[in-house]
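Participant: In the order they appear, the protein sequences are chains A and B. Numbering-wise (my numbering), the first sequence opens with residue 52 and increments by one. Numbering-wise (my numbering), the second sequence opens with residue 52 and increments by one.
Derived from the structure by calculation, the hints contain no laboratory data. Please read all numbers here as calculations on a predicted model, not as lab measurements. Please note that the accuracy of each hint is not assured.
A pair counts as met if it fits within one copy or between any two copies, since identical chains are not told apart.
Lysine-lysine pairs mimicking BS3-like chemistry, simulated, CA-CA at most 25 Å apart [stated by the list, open to error]:
no.	residue 1	residue 2
1	LYS360	LYS348
2	LYS56	LYS93
3	LYS359	LYS276
4	LYS93	LYS153
5	LYS310	LYS376
6	LYS93	LYS181
7	LYS254	LYS348
Protein chains: 2
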Amino acid sequence: MVTVKEIAKLAGVSTATVSRVLNNSGGYSEETKQRIVELLDKHNYQMNVVAKSLRTSHSKTIGIIVPDITNEYFATIALAIENYFYPNGYSIYIYNTSEDPKKESLIIRDLESRGVDGLIYISGTMTVPKQVLKKNLPIVCINQREYMTDEFTVVESDNFQGGFIATEELIKQGCRRIVLLRDKRDIVPMNERLQGYREALIKYDIPFDSELVQHITFDAEHAAKCVRSLIQRKISFDGIFACNDLVAMGALYGLRENKIQVGNEVKVVGFDNISIGHYSYPTLTTINQQKEELGEKASEILLQFIEKKEKPSQSKIVLPVTLVKRETT
Amino acid sequence: MVTVKEIAKLAGVSTATVSRVLNNSGGYSEETKQRIVELLDKHNYQMNVVAKSLRTSHSKTIGIIVPDITNEYFATIALAIENYFYPNGYSIYIYNTSEDPKKESLIIRDLESRGVDGLIYISGTMTVPKQVLKKNLPIVCINQREYMTDEFTVVESDNFQGGFIATEELIKQGCRRIVLLRDKRDIVPMNERLQGYREALIKYDIPFDSELVQHITFDAEHAAKCVRSLIQRKISFDGIFACNDLVAMGALYGLRENKIQVGNEVKVVGFDNISIGHYSYPTLTTINQQKEELGEKASEILLQFIEKKEKPSQSKIVLPVTLVKRETT
Chain A
52 MVTVKEIAKL AGVSTATVSR VLNNSGGYSE ETKQRIVELL DKHNYQMNVV AKSLRTSHSK
112 TIGIIVPDIT NEYFATIALA IENYFYPNGY SIYIYNTSED PKKESLIIRD LESRGVDGLI
172 YISGTMTVPK QVLKKNLPIV CINQREYMTD EFTVVESDNF QGGFIATEEL IKQGCRRIVL
232 LRDKRDIVPM NERLQGYREA LIKYDIPFDS ELVQHITFDA EHAAKCVRSL IQRKISFDGI
292 FACNDLVAMG ALYGLRENKI QVGNEVKVVG FDNISIGHYS YPTLTTINQQ KEELGEKASE
352 ILLQFIEKKE KPSQSKIVLP VTLVKRETT
Chain B
52 MVTVKEIAKL AGVSTATVSR VLNNSGGYSE ETKQRIVELL DKHNYQMNVV AKSLRTSHSK
112 TIGIIVPDIT NEYFATIALA IENYFYPNGY SIYIYNTSED PKKESLIIRD LESRGVDGLI
172 YISGTMTVPK QVLKKNLPIV CINQREYMTD EFTVVESDNF QGGFIATEEL IKQGCRRIVL
232 LRDKRDIVPM NERLQGYREA LIKYDIPFDS ELVQHITFDA EHAAKCVRSL IQRKISFDGI
292 FACNDLVAMG ALYGLRENKI QVGNEVKVVG FDNISIGHYS YPTLTTINQQ KEELGEKASE
352 ILLQFIEKKE KPSQSKIVLP VTLVKRETT
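The shape of chain A in the complex, shown without the other chains:
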């Protein structure tokens, strides 16, 4: 088998340069890289990262834990993380929890036994961070479900602000009785969006009616069912703030079934800004979360944490959200 030294000789560069190319660590021209990669290919060079990770105690891997990779919102964040870490020479283990707390615990054990250098934990409970703390594994959380202590760094969207501007948009478009479709679980982002909703009602002197706050199983099917039920029970409303876009899709479906003109009789705002909202009918007004930036910011902090072995100084980074206005308002 060919060695790094031989490749360096063939390429006419130092062994350090070949190592840097192998580790993707920069400090060489694109042309040099190309030449070295071709030689590595030609001579079928195989670097054994496994052996190397035992020598250096760095495995150059990180783990991502997500609730559901088939939800475009999470997949977009995960892709941004991969795009950040890959050029830095890291590979990504990805795990779906399917919201099963038992599986979450097992995943941590698995990641740890594989010697990952760090962890990005998306939209989970406190269970995992608490376990990880015991084990001194660098972790950055994206979105918090339960309030984290200062021991963890959280990157998240401004959910309060999102709830506020979604509701304000509906009010400005003339709505007075605004249904809030929220996840029935008592989790931080939902509670903060509700706070934003209440704050907007206060600002515009609209009374809060708890009957309009609907706690649902958080998917399109149950959203449609909830809208149907509100109509059957003759609860009047002229606006819906759906706390994510898939739920908004379900709401549109429920309204359509009842021949209610969306945009005229009832206005709707979603949350997340995933691609589905471009192609719904009517197209969906929503709150944009900076999904790529959530992934990138968390990655940047984690990489520093791993490489400088220093806990991040900030415990919370909040990214702003914006209104994306389309046809439903």
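Could you slot chain B onto chain A? The hints should help.
Facilitator: Just chain B, lined up with the frame of chain A:
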């Protein structure tokens, strides 16, 4: 640090049982597992898979290469693969190629250097399988873009049949001039869906008109643009077979802009059956691909390949597709 032997003693089981629990390999009761897991946790046991993989030459990892994890179709397949391998003690590396052939080559080098036991390669070109063959790494492909040789096992949907039944559905609903929206790239699934389309026209004695076969950049935006352009150029049509659901969404959007009544004036069939089609307006008739089954079948074959070190005997497994009838036809 606590050893397996000590844990076994504390749990009152054999060391072999503890090992089996650590490797997730079965052969113990749920209650025993629970007890052992609790002891492992309590004593903060850390198994070093990295060291172990050097001893056994199995890393208990597999790699998945996908074009785009934010497309629900691919994410659903990837999740099915994880759900198959995880209980077998394997972790998953996931890589997005973003359709960049250069990145594909680098990914292979990376996966190989990490000592993965096998690879599932989804909807890519022949480049990677050819590289892998040289290196004796077990691989199973899901969907082929270029025709594979018998050296590789491919699991795919019956694209010809899908094209046929999509077109037949439109014909049965009275369509005579059916637009085919296909990926402009010369790739196998598109060519086979086109063959199915042609076969259905022949069966019902409808002349083939090449003007109706539209080769587009394969996304919703370009589909909408294409529909707009057909209408402007006064090319008459009464049906659209869109070769995936996202493209179908774009087509619905383009028709709506032109105030064309979908389901009456123009009927539409998609392909894939992702969740978006449930919530479009009108809801989308489509061809269901068995996404979970594609992932499971490929996983089953790969696991056998890895553990029995025997090349799969079948080079091609084709899963049937079905029509999901909704409002657009």
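Participant: Pop the pair LYS56 and LYS93 into one bin, within, between, both or neither, using alpha-carbon distances up to 25 Å.
Facilitator: within (15 Å within a copy, 47 Å between copies)
Participant: How would you label the pair LYS254, LYS348 (within, between, both, or neither) given a Cα cut-off of 25 Å?
Facilitator: Intra 33 Å, inter 57 Å, cutoff 25 Å: neither.
Participant: At most 25 Å between C-alpha atoms: does LYS359 with LYS276 qualify within a copy, between copies, both, or neither?
Facilitator: This pair counts as neither: shortest intra-copy Cα distance 51 Å, inter-copy 50 Å.
Participant: Treating 25 Å as the Cα threshold, decide for LYS93 and LYS153: within, between, both or neither.
Facilitator: between (47 Å within a copy, 16 Å between copies)
Participant: Cα distance capped at 25 Å. Does LYS360 pair with LYS348 within a copy, between copies, both, or neither?
Facilitator: within (17 Å within a copy, 43 Å between copies)
Participant: Is it within, between, both, or neither for LYS310 and LYS376, if the alpha carbons may be no more than 25 Å apart?
Facilitator: both (23 Å within a copy, 22 Å between copies)
Participant: My question is about LYS93 and LYS181: at a cut-off of 25 Å on alpha-carbon distance, are they close within one copy, between copies, both, or neither?
Facilitator: between (47 Å within a copy, 14 Å between copies)
Checked against the numbered hints given earlier, this structure breaks hints 3 and 7; the rest are met.
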